[in-house]
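Enquirer: Sequence:
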Amino acid sequence: MGDELAELIFSGETYLFTLAIFVMLALALLEVVGMIFGLSLSGLVDDALPDLEVDADLDIDADIDADVSVDAAGLGPIEGFLAWLAVGKVPFIVLLIILLTSFGITGILVQYAAASIAGATLPFWMALIPTVIVSFWFTAKTGHAISRVMPKEETDARSRDALIGEVAVLTLGNATKALQAEARVTDSFGTRHYVQVIPDQPDTTLMQGDEVLLVGLKDSLFTAIPNPHANLSPRQDTLTN
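Numbers 889 to 1129, taken from my numbering, label the letters of the sequence shown in order.
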């Protein structure tokens, strides 16, 4: 069984499914390497993507077995599909890794089942149909499940502007003019956000753990300076409370 499966994985009938798994591994490796150097690949991709405008009162959940009218919800077909897929609720790279993994594994299993039962693999297009359906369904289910337990890191443009003047703490990586870092900041309503930060001055390096003052916003990246006012420290607020 093991030899047959290994042979099938590297055969022509499953080349695209196997390729999907290798692409997934490459993306995961890039994300890990980026985190080591303080650069989040998922953060870069999410910042580059347009905001998905979905009514906050509408919960398009993959767990709800009901017909949802996209037009009635005020969403176009594309926006409705992306909302169903949990785009905007979960980092895009995470969804892409889930999709590639489920696509690759499902496709290989479909071909393996066909070879075991019928003695021959299916034509590629025939194996592709159930694989696409299952992989997108699994990605949507998993994406919505993850969105329920992960911190809410998405911040719309209006609330991003409101964060200027707040003090943040660098939580992942060191920030230079060429390398952004992740920072945690709490807004005036007590909601915690995670944002990408670069120094306001090109010759400044902001170190992980430093407190910084957000002074500007450029292309979804906040510019920051070292916190000049100890009385604005979020750590001080925590101790006071």
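I should point out that these hints are in silico values taken from the structure, not numbers from a laboratory.
Please note that a few of the clues may not be correct.
Straight-line C-alpha distance at most 30 angstroms; calculated DSS-like pairs for lysine-lysine [as the list claims (entries may be wrong)]:
| id | residue 1 | residue 2 |
| --- | --- | --- |
| 1 | Lys1106 | Lys977 |
| 2 | Lys977 | Lys1065 |
| 3 | Lys1065 | Lys1029 |
From a predicted model like this one, the values you see are computed outputs, not experimental measurements.
Enquirer: Would you check the hint for Lys1065 and Lys1029, treating anything up to 30 angstroms between C-alpha atoms as holding?
Expert: Roughly 39 angstroms between the alpha carbons, so the hint for Lys1065 and Lys1029 is violated.
Enquirer: Quick one, are Lys977 and Lys1065 close enough, alpha carbons at most 30 angstroms?
Expert: holds, 29 angstroms
Enquirer: If you draw a straight line from the CA of Lys1106 to the CA of Lys977, is it 30 angstroms or shorter?
Expert: holds, 23 angstroms
The structure shown violates just one earlier hint, number 3.
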